[in-house]
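Start from chain A and add chain B according to the hints.
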Amino acid sequence: MAVVHFDAVQKIYPNGFEAVKPASFHIEDGEFVVLVGPSGCGKSTMLRMIAGLEDISDGVLQIGGRVVNDIDPADRDIAMVFQNYALYPHMSVRNNIGYGLKNRAVPRDVIAAKVEEAAKMLNLSDYLDRKPSQLSGGQRQRVAMGRAIVRDPALFLFDEPLSNLDAKLRNQMRIEIKALQRRLGVTSVYVTHDQVEAMTMADRIIVMNGGVIEQIGTPAEIYKTPASTFVASFMGAPPMNLLQVTREGAGLRLADQVLNIAAADIDETVTLGIRPEDIVPDPNGSLSIHVDIIEELGAHRLLHGRLEEQSITVHVPKDHDVTTGMSRFSMPLNAVSLFDAKSGRRLS
Amino acid sequence: MKRALFSNIWLPVALLLPQLVIIAVFFYWPAGYAVQSSFYLQDPFGFGSTFVGTGNYESLFRNNEYLKIANFTLWFTVIVTFFSLAIALILAVKADRVIRGAKTYRTLLMWVYAVAPPVAGFIAVIMFNQSWGPLTEFFALFGYRFQVGVNFNDTAFAMILTSIWKQVPVNFIFFLSGLQSIPRSVREAALIDNRSASGRFWTVTFPLLAPTGFFLLIINITYALFDTFGIVDTVVKGEPGNNPMTLVYKVYVDGFRGNDLGGSSAQSVVLMALVLALTFVQFRLVERRIHYT
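Chains A and B are the protein sequences, given in the same order. Heads up: the first sequence begins at 1235 in the numbering used here, then just goes up one per residue. Heads up: the second sequence begins at 266 in the numbering used here, then just goes up one per residue.
No lab work stands behind these hints, which were simulated from the structure alone. Heads up, the beta-carbon is just placed ideally off N, CA and C, and yes, glycines get one too. Check the hints yourself; a few may be wrong.
[What the hints assert, rightly or not] One-sided and incomplete, this derived list gives chain B residues near chain A with beta-carbon spacing under 7 angstroms:
#1 S450
#2 V451
#3 E453
#4 A454
#5 L456
#6 I457
#7 D458
#8 N459
#9 R460
#10 V469
#11 P472
Next comes chain A alone, as it looks inside the complex (with noise of 0.2 angstroms):
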């Protein structure tokens, strides 16, 4: 259990690249805390820096309220989870599970007993014998998993682990470390690519992108209230509609209509943002959309349309009948997010 404390870390590697620029931001105690952001957005390196596994450019980073700048992987109390599972492959699933209980000097009778318990929780008691290679993508998930447990550490480190797994696996083991991770009630640390793992298991989500923390915020904060455009195109599926507006008296131009939105600080162009499913089929309303696609997702339907020349995304209930062709459609002012154009930046 520990307090993990951010102060300007900072990633420059050799060749001059700044992988991350100073972060500061800390996390609570028996926080779940998803990294999510796109390849290369330096959110591995940001995790690998807490982990030990690359050096720290620059700043001060605390686990437990200890400095842990120049400590040893080993030395740091945490455990990680890797993408591709990394066991050893010559060890049985035992011998995995308790490697680093053996390496702290714990007693062998305390290593059994902790490694069968792990192994009873993640339900690999019949398969402790066995090598890695003798399982299934799952059971190696869990294995990784147990390898983590067992060291009761003070931190958890999960980098993309789901992502080798497929789709049905991929959303049983997101519950289930969800749920491991409440009942052990240990601080982690959740790298993803997903934004739908971010959504579904973060306490709090940490949005990066190009080295540089975009937002953070609870799930429901991120997806209300994004902090830039990347943040709204980035988290949700289908992603926030983002379209230009441009201002006009003391409201805001949207194809025929205008906003009556207050933009008196506001510059020329404003890029407006809009949930899909906050704009609703209304035979009043103001937008008028060509419907161009419509895509059916069973509990719901997806049309994929054009207001004037700006592709937009609506999300209708599945009860609604559509048509491909011009409906009219009408959003609350309430849910409209504002971006500065050119920067991205959300506006008050």
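Below, chain B alone, put in the same frame as chain A:
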């Protein structure tokens, strides 16, 4: 996989023929001939031969000199194999950690690989030259008179040293590629699980190198037994006398210097049996036990 079917049996036969002919002419025929002539006593001038049954073998194993050479070969093989594997492993582990100038460093380490065994032997002769060899002078610093070709132990030392030197680069290349095929994440997991670098090496890296190691073990034993011929030949300058030699060199000396083709053939057959046994060990025991995935 797609299977190609031949309607005519002669086409595949024709395609296989060159390979089969090569194997038959250059391997089975001489081997068969060696087995055959090992049962005969050959006239030194090639006028005729007498069937002696297992006579050649019996005299071989009753021959003290042969047993002495077999004993030397055993130690020679053990020492050369052990040290060329151990040194190569140390170098590979160190080279694997080098970040700056890694390519240059590795190329330099592999260089010796390109040296042919007789050339390696020749270099050894120069290094150990009686009057001005640098290594001879080095030993002289400690007051030791190093005499290659005269003193049995000194000659053996030169042969062993040269053979190890020649084989290290081959092993180095294999060990390095073996090390690099260990997934990075597995090493990182070990880094988190185990504080001690030597502990990580012996419990994770070394076992994962075992497949490479056992392959190299067989290769090195074969090398020490057979491929060191050129080195032995150069170092003893074709005049074995009191000098050490290996079993393969003894085959040559007895067969071509001593004109005892029968006895020499019997020795080759013994060596063939040895290679067969090694191959068996490799396929049956090693390959089955050491692979993990």
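Comparing the hints with the structure gives:
1. S450: holds, 4 angstroms
2. V451: B:V451 check passes; min Cβ-Cβ to chain A is 5 angstroms, inside 7 angstroms.
3. E453: holds, 5 angstroms
4. A454: holds, 4 angstroms
5. L456: Since the shortest Cβ distance to chain A is 5 angstroms, the answer is holds.
6. I457: holds, 5 angstroms
7. D458: OK, holds: B:D458 within 7 angstroms of chain A, min 4 angstroms.
8. N459: Hint holds; B:N459 Cβ to chain A Cβ min 4 angstroms, cut 7 angstroms.
9. R460: Because about 4 angstroms separates B:R460 from the closest Cβ in chain A, which is inside the 7 angstroms limit, the hint holds.
10. V469: Since the shortest Cβ distance to chain A is 6 angstroms, the answer is holds.
11. P472: holds, 4 angstroms
In this structure, every one of the numbered hints holds.
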